[in-house]
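S.K.: Kindly generate the complete structure, drawing on both the sequences and the hints.
Protein sequence lines, in the order shown, are assigned to chains A and B.
In terms of this note's numbering, the first sequence has 259 at position 275, counting the first letter as 1, and numbering is strictly consecutive.
In terms of this note's numbering, the second sequence has 186 at position 202, counting the first letter as 1, and numbering is strictly consecutive.
No wet-lab data here; the hints were simulated from the structure.
Please note that a few of the clues may not be correct.
The list treats identical chains as interchangeable, and a pair is accepted whether it falls inside one copy or across any two copies.
[Unchecked claim] Computed cross-link-like contacts, DMTMM-like style, restricted to lysine to aspartate or glutamate with a CA-CA straight-line distance of at most 25 angstroms:
#1 Lys226 with Glu(-7)
#2 Lys452 with Asp216
#3 Lys39 with Asp198
#4 Lys200 with Glu529
#5 Lys356 with Glu5
#6 Lys226 with Asp536
#7 Lys1 with Glu15
Predicted model, so just to flag it, every value in this text is computed and none were measured.
There are 2 protein chains.
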Amino acid sequence: MGEVKSDIEIARTAIKKPIYEIGARLGIPPEDLVPYGHDKAKVSAGFIARQREKKNGRLILVTAINPTPAGEGKTTTTVGLGDGLNRIGKKAVVCIREASLGPCFGVKGGAAGGGYSQVVPMEDINLHFTGDFHAITSAHNLLAALIDNHIYWGNAEGIDVRRIAWRRVMDMNDRALRHIVGSLGGVANGFPRETGFDITVASEVMAILCLSRDLKDLEARLGNIIVGYRRDRTPVFARDLKADGAMAVLLKDALQPNLVQTLENNPAFVHGGPFANIAHGCNSVMATTTALKLADYVVTEAGFGADLGAEKFFDIKCRKAGLKPDVAVVVATVRAMKMNGGVKKEDLGSENVEAVRKGCANLGRHVLNVKKFGVPAIVAINHFATDTQAEIQAVKDYVATLGAEAVLCRHWAQGSGGIEDLAHKVVELAEGGHAQFSPLYPDDMPLFQKIETIATEIYHAGEVIADKQVRDQLHAWEAQGYGNLPVCIAKTQYSFSTDPNLRGAPTGHTVPVREVRLSAGAGFVVVITGEIMTMPGLPSVPSSERIFLNDDGFIEGLF
Amino acid sequence: MGEVKSDIEIARTAIKKPIYEIGARLGIPPEDLVPYGHDKAKVSAGFIARQREKKNGRLILVTAINPTPAGEGKTTTTVGLGDGLNRIGKKAVVCIREASLGPCFGVKGGAAGGGYSQVVPMEDINLHFTGDFHAITSAHNLLAALIDNHIYWGNAEGIDVRRIAWRRVMDMNDRALRHIVGSLGGVANGFPRETGFDITVASEVMAILCLSRDLKDLEARLGNIIVGYRRDRTPVFARDLKADGAMAVLLKDALQPNLVQTLENNPAFVHGGPFANIAHGCNSVMATTTALKLADYVVTEAGFGADLGAEKFFDIKCRKAGLKPDVAVVVATVRAMKMNGGVKKEDLGSENVEAVRKGCANLGRHVLNVKKFGVPAIVAINHFATDTQAEIQAVKDYVATLGAEAVLCRHWAQGSGGIEDLAHKVVELAEGGHAQFSPLYPDDMPLFQKIETIATEIYHAGEVIADKQVRDQLHAWEAQGYGNLPVCIAKTQYSFSTDPNLRGAPTGHTVPVREVRLSAGAGFVVVITGEIMTMPGLPSVPSSERIFLNDDGFIEGLF
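M.R.: Structure representation (structure tokens):
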């Protein structure tokens, strides 16, 4: 195989163009770019507002099979496809999500793609970047502080301290903060109560930022956040605490999309929240809609697997923002097929066509699921050096039986030159006008039935179970006028089911709903299933132990 | 008085120069400026390293009397004096501290000066700015997460969970987080224990960032942080948890000083931590030493009153960084003298020469205290429209009796044109070579005696009291080799004593030491006295209620 460079080594040797040049390619004048260093910029809200009347380009979604430890390369393929479309003469922009800081120090690698399909500067993108997530953390926690402060100073709104719905957030994997008792230590510190922290990406403020059309919309949504309930069960809103104005001020800059570039100097927006397992997990509406005005093709991603990422992209983001995706690319790897087919990680290097065939069931279901939204699907096989011709053919043959096509892509090793085939096929599909997008369920379906619809149609579960408390809560929200909201299911990314060890394409399983949370500002109901945590922990050997600055001042250990 | 513009209105109409022009004035080439927007930039570590051999300019400290609700204008005078020195032909740079986000939403106004002596962009400076404090929060909390994670996965280092010394931080005024029990909720969340949050500026990481000479020094200091103790009382360091590398990576950009400009387009570094009541409260050593290489005069600030700010500036920052201040300016106002003399806030508008005279005792002690460090002092009377000639003369006469001079300054209303007198006098004093700086106490004095020395010499207290536990802890640290460190006293800013209501120049009072914390990485021992809190709270009507974006997208309510 020769010597393979690490992602960070490749990224470090990238010849970046000044961000003003990248902006100019999209027609963004320098005064509408707010630079963060020489290679990152925010696009001004004023410029974005001036694009409203322009025609939209085509929207391509990149999604994937359920992730395995073998790695799939969803972001890598998103970036690669963007470069590939540019290579074949289309004006294309990539729209991906920002990286969460917390998991960088746990097990997860970077979120900027890999190999020769990356966005740069990858170190910045994986660390503080332009500070958006810090702004979200601040805005979220300001509201939390205002709630306890309101109660401390007399509780004029009559908040029931047992029914406070607003937790705190931190962009860190810190299991010790999941469940705390705060306000201890005496009179000066307030009224002790149970609460806890989620990771920042799970914040409703993150979802609001990602779904807002502009600053006015953002502020209105912030005001609509329900922070808790009074004894008579009426909701207390963030606007009741006069928190929305200051929160919007904290988020003013963060709302503007971030422009960077790929290794091939093509424009890329990196804006908004990852974590489709515990959040809605899509990049921002602002970035996507802006990109659609500036390019012929916009390639965006939704992960982890299509069961979470694509479903939420379609049912939440596209529904709310009026987006009409043209094509969905489902990323798969031969290695992941093998793992789904029962092969252990250490044996992935050996050919095993039978295991590939067996493992294809997972891929197959995702492809068929995507089609249920009226969007044509194509499979990208993200090539690994160990893949054999027979294994690749097995995937292609399988996908053909679904009435779709699987295209081998070598962008990781070759950049855009390795993904021209896929780029051409995507254009063909998109320009064929096959897409007839519609969400999976109508707005007016009852909330519990929405959960059941996703569970049966997408997860192929047999049933959804939930306590009376959960069902009563959903009914109460329906009575309060929130029944028309979509649901945002928090579930393990590793399986169609709520059991992370259940690979392949299980059927008839049970989806246990543990908790429901109303995000009235974002405009969805969060449904927490199985054992999924909204605050991750760190592993026994966190990757932070290997992250350091080398003698040249370069970062080692981020990958 | 006519119509008086608010600080934010003045700041908004400022005609800013591109930050590259400001940098060019200091000889900083564009490639060594990392822009954050068009009006803020970080100065590259490489450029800073290349200035080492240059000669230093002169260092002027601006400090103040104990703050009163009347307002003193320490930052305003620092900025004004910098502009004034430039006006009279000196190459001068201002070095002030960054604003903490938390208090912006409480009662405190901005930290960017006022009137016609401000640094801009004031909104950015008062909000996220270049993200330094967010980086500090992240680095601090990463270490906290790693501690609990280490214990969760078997506690190989044998940390005594009852003796963990590392709390968490948030840049928010949130009293509910002062004292918490974390890791509740069962096996997956770890071992329940008492802990809490401080405000970010009180973090040892903040102090480390402010005291580090370069990235290597920063990383070494981070490794030296003591996170807790084993059952045998030996310390567990951050480097034992392999946390220092990742923390340094998170702080890499934050360590580089931020360059902005004054309203008169003079260069200003805004870098490092405020809050001399609960922290050491000085801007960064990196900013000050860099500015000294680039300018004839560097004007920096230390607050609140000189009892906290100047003492720590001299005994911690100058001692550690080998700085030699040339002059100290003590800022006072007639209004504050009157308040110290017993006048109520609502009566400050009426002439009361007797009250001014009586209130001068507070000013007098600060002036004499500063002289104890061998630094010549001069008083700046920050003019208010209501001041009468007789009142101003009373202050001047009083200061003359101390062998110093008081100079009336009208920079708030007039900018540099109103502070030329002071600028000339400061130059005269500095170039007269009167300064013979030395810290108040030697390194080898025992820790408790250092506290007593500050309490008696600076606060004029009668005694320091502390539990046996506190004294034993200090002895234990001395036995471990930390006896040579300076002490950083956390005390109310409103009085020389630990009682915030005791104005003027009290003597013979008692300083109760509540708690001591070792900051082995920063290199000092924090001594918490009286009722001072390391996590502030919000008032009954937080200023956040008045902060919002107006219809033009401008921020209202930050002042």
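S.K.: Each hint should be assessed against the structure and marked as holding or not.
M.R.: Status of the hints after comparison with the structure:
1. Lys226 with Glu(-7): For Lys226 and Glu(-7), only the inter-copy Cα distance (23 angstroms) is at most 25 angstroms; the intra-copy one is 48 angstroms.
2. Lys452 with Asp216: within (20 angstroms within a copy, 52 angstroms between copies)
3. Lys39 with Asp198: within (19 angstroms within a copy, 51 angstroms between copies)
4. Lys200 with Glu529: Between copies only: 17 angstroms across chains, 43 angstroms inside a chain, cut-off 25 angstroms.
5. Lys356 with Glu5: neither (41 angstroms within a copy, 58 angstroms between copies)
6. Lys226 with Asp536: between (48 angstroms within a copy, 20 angstroms between copies)
7. Lys1 with Glu15: Intra 18 angstroms, inter 14 angstroms, cutoff 25 angstroms: intra and inter.
Hint 5 from the earlier list is the only one contradicted by this structure; the remaining hints agree with it.
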